[in-house]
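There are 2 protein chains.
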Amino acid sequence: MTAGKRLAVLGAGAVGGAVVDLAAAYGHTVVAFADSASAVVDAGGIDADAAVDRKAAEGHVGDDDPEDVLHADYDVLVEATPTTLGDAEPGFSHLRTALERDRHVVLANKGPVAERYADVRELEHDSEGEVRFEAAVGGAIPIVSTVEDLGPSRVTAARGVLNGTANFILSRMAAEGIDYEHVLAEAQDLGVAEADPTFDVEGTDAALKCVILANVLAAGDREFTLSDADVEGITNVPGSALELAAEDGRTVRLVGEATREGIRVGPRLVPGNAALAVTGTRNIVQLETDYAGQLNLSGRGAGGEPTASAVLGDVGRLG
Amino acid sequence: MTAGKRLAVLGAGAVGGAVVDLAAAYGHTVVAFADSASAVVDAGGIDADAAVDRKAAEGHVGDDDPEDVLHADYDVLVEATPTTLGDAEPGFSHLRTALERDRHVVLANKGPVAERYADVRELEHDSEGEVRFEAAVGGAIPIVSTVEDLGPSRVTAARGVLNGTANFILSRMAAEGIDYEHVLAEAQDLGVAEADPTFDVEGTDAALKCVILANVLAAGDREFTLSDADVEGITNVPGSALELAAEDGRTVRLVGEATREGIRVGPRLVPGNAALAVTGTRNIVQLETDYAGQLNLSGRGAGGEPTASAVLGDVGRLG
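For the record, the sequence lines run as chains A and B. When the letters of the first sequence are read in order and numbered with the working numbering, they come out as residues 1 to 319. When the letters of the second sequence are read in order and numbered with the working numbering, they come out as residues 320 to 638.
In isolation and in its complexed conformation, chain A is listed as follows (with noise of 0.2 Å):
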């Protein structure tokens, strides 16, 4: 059973709010955590359930500093604001931070790891602290830590389903033989998509996803950021081309590819009993490996609880 740790939570989303929420079942301490504008320190443990009632009242969780959760005596800085690209700012330097102190970094964002994933591990390099990042890829389901159980190097490819708002639109075109326009307004009456949905529907968020994992496989030999990925979103697949693909029974999905060599995501015909036409918000990895043969993990992508299991999971398997 690992031993409780203290945790500071930066990003009060759905993912660190959920974080927070969930720590004291997993046996650990949130001593600290903020929002874009304020934050809530208490070395003794913060009151969760009043920092995230307050959030959904008034917007903040505290009244102390957000710049007080980097200053303050925690174990692991769990990095949960929204994914920035480029030079991944303000996370990036969150980061550095905590390892410049020594301390452990678990991220859900996923900027760090995949524009600048060889400054991450050259500051993990000359730190105590180590840095996970389950969370950045695939939400609830064990990728980053079953890629680095098999060893990297021995694994070929990472190829799959990635991000829920495109499978969920793919999906309910083919179920329904509506038209993208028609079901992306579902989607955003439901929640799925988000107001401004390009990150998801133009493949944007499924190629960081393989961007990171990438930069897994290539284990340092080379460095891959979202500029190095071949990348078509779901933005121009016509309701026809959905319904030949069934008359052959098959279905369009949004697969992303990464391997050591690059990375690629497109719309891509697939049978339609194939594990990759997972329907909804599902995702799913088939890892192509030398000796274990093709594993296929599939699960919850994203949402708040999903995505807050794999940090706190990676905070359970910290040194």
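It is worth saying that the hints were derived from the structure and are not from the lab. Certain hints may be false.
Claimed, not checked - From the structure, some residues in chain B lie toward chain A, with a derived Cβ separation under 7 Å:
{"no.": "1", "residue": "Asn-592"}
{"no.": "2", "residue": "Ser-617"}
{"no.": "3", "residue": "Arg-619"}
Said to hold, decoys possible - Not close to chain B: a few residues of chain A, all C-beta gaps over 12 Å, as computed:
{"no.": "4", "residue": "Glu-124"}
{"no.": "5", "residue": "Glu-148"}
{"no.": "6", "residue": "Leu-244"}
{"no.": "7", "residue": "Arg-264"}
{"no.": "8", "residue": "Asp-290"}
As the list claims (entries may be wrong) - Which chain A residues face chain B? A few, computed with CB under 7 Å, are given here:
{"no.": "9", "residue": "Gly-44"}
{"no.": "10", "residue": "Thr-146"}
{"no.": "11", "residue": "Ser-309"}
All residues carry an ideal CB built from backbone N, CA and C; glycine is no exception.
Based on these hints, arrange chain B on the given structure of chain A.
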């Protein structure tokens, strides 16, 4: 990267032979290797190819005594002798000898953790050595380590198709409309079913794996053995049942379920496109969890290399 360990391998069948074959690729050294009647021991590392070749050509691996393996200087004992029920001997004694010498034990042999789980954990508690057994459940599929990482108390059930022989037979019956006896003969010709297929077709093998999973979920609160399992195999599934199911878009699979309350194995109707409707010899496990939703893990549940990869994955996870 894991520091290389010295392995002593008991069992020269498909799994033991594959572990000996692959050990070097994983950075480990095999210092001792035994079949039921012979052994080869070399502190500097045995000639793996020569031993495996000799076994194939002459029926024995070396000129030493199998007892020599238990007394050799090694870090990890790989117990890959045939699964036995009841007292789980001689596998259990092999495990005990290793733990009493403060060595680690990695099991491919199901017996000790299916039939004497509490005894195994007690010996482990009193030892510096650890016991791991991924290879005992679902071949290459990382089921046990995933449950371990989630935290067994947060997994409410493990359900799946865990016997490739029975699954092959049922999926061939469904695909071809051939009756059980004929498909069994085909399976035996292909080497997918044993000359005596009882263990597989009567559900015993699947039940043992579910018993092990139930022991993991119960985490010491109670202990299960094969006798606790409610087991029905596939020998009474008529071809007509599969035809009838198909008319409704469904099929039949031998499904096992393990919870903290017990174990059930039996033929079950599942939707044709359900995750559980794996085809051929593939296995699948669905984990129902408190926070991570439902996780599906599928892959090659048997075979020398896939099972050896689970053994070597366990070696890598040892402290």
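Now the hints, each set against the structure:
Taken as an interface hint, Asn-592 of chain B checks out: its beta carbon lies about 5 Å from the nearest beta carbon of chain A, inside 7 Å. With 7 Å as the threshold, the beta carbon of Ser-617 of chain B comes within range of chain A, its nearest partner Cβ sitting at about 5 Å, so the hint holds. This hint holds: Arg-619 of chain B has a C-beta 4 Å from the nearest C-beta of chain A, less than the 7 Å allowed. The Cβ of Glu-124 of chain A lies farther than 12 Å from every Cβ of chain B, with a closest approach of about 15 Å, so its non-interface assignment holds.
Residue-level check failed: Glu-148 of chain A sits 9 Å from the nearest beta carbon of chain B, not beyond 12 Å. The beta carbon of Leu-244 of chain A sits about 20 Å from the closest Cβ of chain B, which is more than 12 Å, so the claim that it is off the interface holds. No beta-carbon of chain B comes within 12 Å of the beta-carbon of Arg-264 of chain A; the shortest separation is about 23 Å. Annotated as non-interface, Asp-290 of chain A brings its C-beta within 12 Å of a C-beta of chain B; the closest such distance is 8 Å.
Interface restraint check: Gly-44 of chain A against chain B, minimum CB-CB distance 24 Å, threshold 7 Å, status violated. A distance limit of 7 Å between C-beta atoms decides the matter here; for Thr-146 of chain A the minimum to chain B is near 6 Å, and the interface restraint holds. For the restraint placing Ser-309 of chain A at the interface with chain B, the shortest Cβ-Cβ distance is roughly 4 Å, inside the 7 Å limit, so the hint holds.
The structure fails to meet hints 5, 8 and 9 from the earlier list, while all remaining hints are met.
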